[in-house]
Structures are given as structure tokens and as C-alpha cells.
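Order-wise, the sequence lines are chains C and P. Position 220 of the first sequence, counting from 1, maps to 220 under my numbering, and the rest follow consecutively. Position 221 of the second sequence, counting from 1, maps to 221 under my numbering, and the rest follow consecutively.
Treat the hints as calculated values from the structure; they're not laboratory data. Just so we're clear, the structure is a prediction, and the values are computed from it rather than from any experiment. Ideal placement from N, C-alpha and C gives every residue a C-beta, glycine not left out. Keep in mind that a hint or two might mislead.
[Claimed, not checked] Sample of chain P residues lacking proximity to chain C, with all beta carbon distances greater than 10 Å (derived):
| # | residue |
| --- | --- |
| 1 | Leu-31 |
| 2 | Val-73 |
| 3 | Asp-122 |
| 4 | Val-147 |
| 5 | Thr-190 |
| 6 | Gly-205 |
| 7 | Ala-230 |
[Unchecked claim] The following label-pair restraints were derived from C-beta to C-beta distances:
| # | chain 1 | residue 1 | chain 2 | residue 2 | range |
| --- | --- | --- | --- | --- | --- |
| 8 | C | Gln-132 | P | Val-147 | 41 to 51 Å |
| 9 | P | Ser-137 | C | Ala-69 | 29 to 39 Å |
| 10 | P | Asp-128 | C | Asp-79 | 23 to 33 Å |
| 11 | P | Val-61 | C | Arg-133 | 43 to 53 Å |
| 12 | P | Val-154 | C | Ala-262 | 13 to 23 Å |
| 13 | P | Ala-92 | C | Asp-122 | 25 to 35 Å |
| 14 | P | Gln-140 | C | Ala-115 | 23 to 33 Å |
| 15 | P | Leu-91 | C | Leu-106 | 45 to 55 Å |
| 16 | P | Gln-125 | C | Asp-122 | 20 to 30 Å |
| 17 | P | Ala-230 | C | Arg-72 | 33 to 43 Å |
| 18 | C | Pro-52 | P | Leu-31 | 50 to 60 Å |
| 19 | P | Gln-140 | C | Arg-228 | 20 to 30 Å |
| 20 | P | Leu-62 | C | Ser-181 | 52 to 62 Å |
As a plain string of letters, each chain reads:
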Amino acid sequence: MSSPSRTARAEAEPSEAAPSPATPFQATPSHATEAGATASRPSTSHPAASAPLLPLVTERLTLAINDKALLRGVNLTIDDPGITVIMGPNGAGKSLMLRVLHGLLLPTTGVVTWAGRPPDDDVRHRQAMVFQRPVLLRRSARANLRFAQDVVGERDDARTDALLDAVRLGDRAESPARKLSGGEQQRLSLARALATRPDVLFLDEATASLDPYSTRIIEEIVRETAGRGTKVIFVTHNLHQAERLADDVVFLSRGKVAEHTAASQFFAQPSSSAANAYVTGRLDED
Amino acid sequence: MWEAFALAFSLVVGLDPDLYEIIGLSLRVSLVALIIASLIGLPLGALVGFSRFPGRGALIVLMNALMGMPPVVVGLLLYLMISRSGPLGALALLYTPTAMILAQTMLILPIVAALTRQVVEDLYQEYDEQFRSLGVSRLQTVWALLVDARYSLVTVLLAGFGRAIAEVGAVIIVGGNINHFTRVMTTAITLETSKGDLALAVALGLVLLSLSLAVNAAAAVVRGAAMRRAYV
């Protein structure tokens, strides 16, 4: 493997280091690692990044929309780095909970705190989210990343190129973002989220409608990102994906946390009946 | 009748200086009015398009209503303000090209602002959650929405320009149709027709028509290019 020299070249001439889209993914097991390492530097470049954001704590969190209780008293403490996977059947409130944690929705009652702090602007700016359906600007792929960097005030062209390479879009940098395929658009969304150097990355069913190639790229980069210290909170209803990614699993059922356990334990034997039913494919009875 | 057309044609191809002086002033007045209306109307329309504040609905109704303001009323209002005894009389603007620019700006500012608001509002519905996730500031949002709606906004600006260059009611009141000074295409057509001197009127009418055609053809080309890049 020529990883070190490739990495060095990627630093110097990012566009030439772009991997060919035809490269078989299996043939480059270390590739995502090296591209990811090129793509990201320690997130400590944020002025306030030294202040930790974890533990993330929610207390008696409820959310009602049009008088319908959708989250019904969520108590959750996430204090370990790595990848937390939120699972649960359709309608359990996974996406809503992610939006409340990210600050896109205000809870009806209860609070979210990050290391004891309320979600102020600094906390918000250190988070990014990849949505289920990518929403890209009507500009080139590269301009989409630049926009995100401008929002946080950190224009960095070398990093933009490295991120585009990491999501295998190095050769599509100047293409109109909305002309890309669904998988390419979602990879670009992930690159855009990472362009802001988040300390917390949320993904909401980000690979739900993607082909295996894009799914694998996204999973590898997510794993890489978590490995470098970014907290990842990943919503999925795909058991296999959860098993591949999760360090710990939060299982939501009907707007409540049914259980929150280490992944190894969860997949060996979920303790709650709701999760047990889900994992074994039975209908949830309670 | 055909004589008038023949004469009109010879004026156009013969580069008649009086004719081109009038065309030049028309373009200058309407373009400057469009620029001023855009500088105010684009950001204003974008801001109203994505912001939520009390009275927003009423403001939108007002903006839409002002789009249909009759030019003579605009001319009259401006006349009252800049005539010698008016509040701005000291500026001596009456019967100057500046007054005509002001009149056309007042006329098309609501058009630019109201149509921009509509375009931007539709776009923001799509971007809303993503922008809030990224933490995009209001100023950055205004700019981003205007940039991303650029191809639709070209159509908006052309609509404003078309309205400005074609109107006669406002500029004739505050401009006075003074030869070699404030005479533009529409006021010249009005005067020459009433005098029975049809050649110049027809020549100007042809130019005005061609301009309108050219502007709309340009809009179609721009839009087609945008569609091909999925930017609309």
C-alpha cells in the first residue's frame, strides 16, 4: 500500500489525487481512512472547541405537535464519544428527537443540555446535520462546501478539495450540485456537514434510499469522523447498518427511550421487549 | 400610412440623431431606475420572503397592490412632492431626467420587491431547515437566496425594466417631454402622434417593440441555460 505517499500527494495536489469513480471500492480498504485523514484536521481549530459538549443530557423531554404527543418524556444521557445509533420502528419519534437534540425543534417541555450548558449559538455552531433528503444550493458541488465554510467563517480551499475527494466527488467539483445522482448528492451533503468541522454530527436516515456504494462511503467516513473525536448520532432503522456502526444504541419506542445500551449487548440480547420484538422482526405488542 | 413606415425605417437605419438621442435617454432613465429599484427591492423582497414578523401578511398585500399602481398617479404624487411649492421643491427636480428616474423607480420598486418576495419565499421553503441547521445568519440568508434565485430574478428584473421603459403617464408629468432634455420614446410617440407626425412616432414604436422582443428573448435564453444546469 502506498498510503503515506498518496496522502502526501493529496495534500499537495488534491484534485489530482481524486480517486477514479471506477475504482472498485473493495480494492482500497484503507482508502477512506487516508482520504478521511486528509479531509479532516482536529476540530480544535474552533475557538471554543476546547470546551467539551458531552455529556448530552435530556430531561423529561416532551414534544407535542397539534396536541399529539410525539415524544413522551425522553430521559437520555450520552456521555461517550463514538457513534450513538438511534433506532426504533417508524413513528417512534427518531427523527423528531434528532431535530430536538440539534435545536431545529423546541421541545414542548423539558430541556436539552450540552455539558451542562443550554444549546446556545456556540453549541449550535459546533453541530452539523445530514438530512434524509439532501437539500443542496443551486450551485456547483464545490460552491456548496464553500457556502458552509463561509457560514462558520472558515474558508479553506484545500480542505474543500480533500472533502470532495473523500466522498469520491473530486472529479465532479464543478458540476451543478443538483445534477448529481441521489447518492452523490447525499455524499456531498455529508461533505458539507463536515466542512464546518462539527464536534457533533447528526445523520437522519442519511443512507435510507442510497445504493450500497454510496452507503459504504458514507459509513466509512462517518466511522472515520467518529474515530477522530467527533460525536456522531446516527438515526437508522436498518439493523445491519446499526450493527456495523453503533458503539451504543438508543432504542426509541412510541416517543420514549425503551433502552440505551452498548451495541454489543444490544445486538446480543436487547433487554426491552420493544427492542427485542424489533430485532427479531416481531410486531411490537406494548 | 405606408409613407410613414418608409420614413420611419429610413430614420432607424439612417441613424437619425434626434431619434437616437431619444432612445438613449429612454434607456438611460429606465436602466438607472431599474438599478435603484433592484438595490432596494431585491434585498427587501428577499427579507420579507423568508422572515416572519407581525404585519407580514398586510405588508405583502400592500406590496402586491402597489404593483398595479397607475403611472399617472405615481407621476402626480411625485409632481406634488417636487413641484416648486412641494416639500422637495427646493431641489429643483421638476422637468429633469432625475425626476423621471425617480418616477420610474417608484413605479417598478413594488414590482421588483413583490415578485422577488414570491420567488424567494418558494425557495426558502426548501432551504429553511438546512439553513437553520447550518446556522446561516439573516444577512447570509438574504444573499444566498438572491444568488440561488438568480435565474428567476432575471425575469423579475426584465418585468420591471419592461414596465419602466413602456410607461408614459409618470414621465410626461414630471419630465415634461422637453425636446433634447427630457423627451423619451413614449412621450415622443404621444406628442408626435397628436401632432400628426407619424414617421417619428412609428419609428420609435418599432424600436420599442423590438426592445421588448429582445428583452424577452434574452430572458428565455437565460432561463433555458439555467434549466440545463438544474439551477431553477
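Hints versus structure:
no. : hint                               : verdict
1   : Leu-31                             : 27 Å, holds
2   : Val-73                             : 38 Å, holds
3   : Asp-122                            : 13 Å, holds
4   : Val-147                            : 8 Å, violated
5   : Thr-190                            : 43 Å, holds
6   : Gly-205                            : 39 Å, holds
7   : Ala-230                            : 4 Å, violated
8   : Gln-132/C to Val-147/P: 41 to 51 Å : 26 Å, violated
9   : Ser-137/P to Ala-69/C: 29 to 39 Å  : 34 Å, holds
10  : Asp-128/P to Asp-79/C: 23 to 33 Å  : 32 Å, holds
11  : Val-61/P to Arg-133/C: 43 to 53 Å  : 33 Å, violated
12  : Val-154/P to Ala-262/C: 13 to 23 Å : 57 Å, violated
13  : Ala-92/P to Asp-122/C: 25 to 35 Å  : 55 Å, violated
14  : Gln-140/P to Ala-115/C: 23 to 33 Å : 28 Å, holds
15  : Leu-91/P to Leu-106/C: 45 to 55 Å  : 51 Å, holds
16  : Gln-125/P to Asp-122/C: 20 to 30 Å : 28 Å, holds
17  : Ala-230/P to Arg-72/C: 33 to 43 Å  : 42 Å, holds
18  : Pro-52/C to Leu-31/P: 50 to 60 Å   : 57 Å, holds
19  : Gln-140/P to Arg-228/C: 20 to 30 Å : 28 Å, holds
20  : Leu-62/P to Ser-181/C: 52 to 62 Å  : 44 Å, violated
Checked against the numbered hints above, the structure breaks hints 4, 7, 8, 11, 12, 13, 20 and satisfies the rest.
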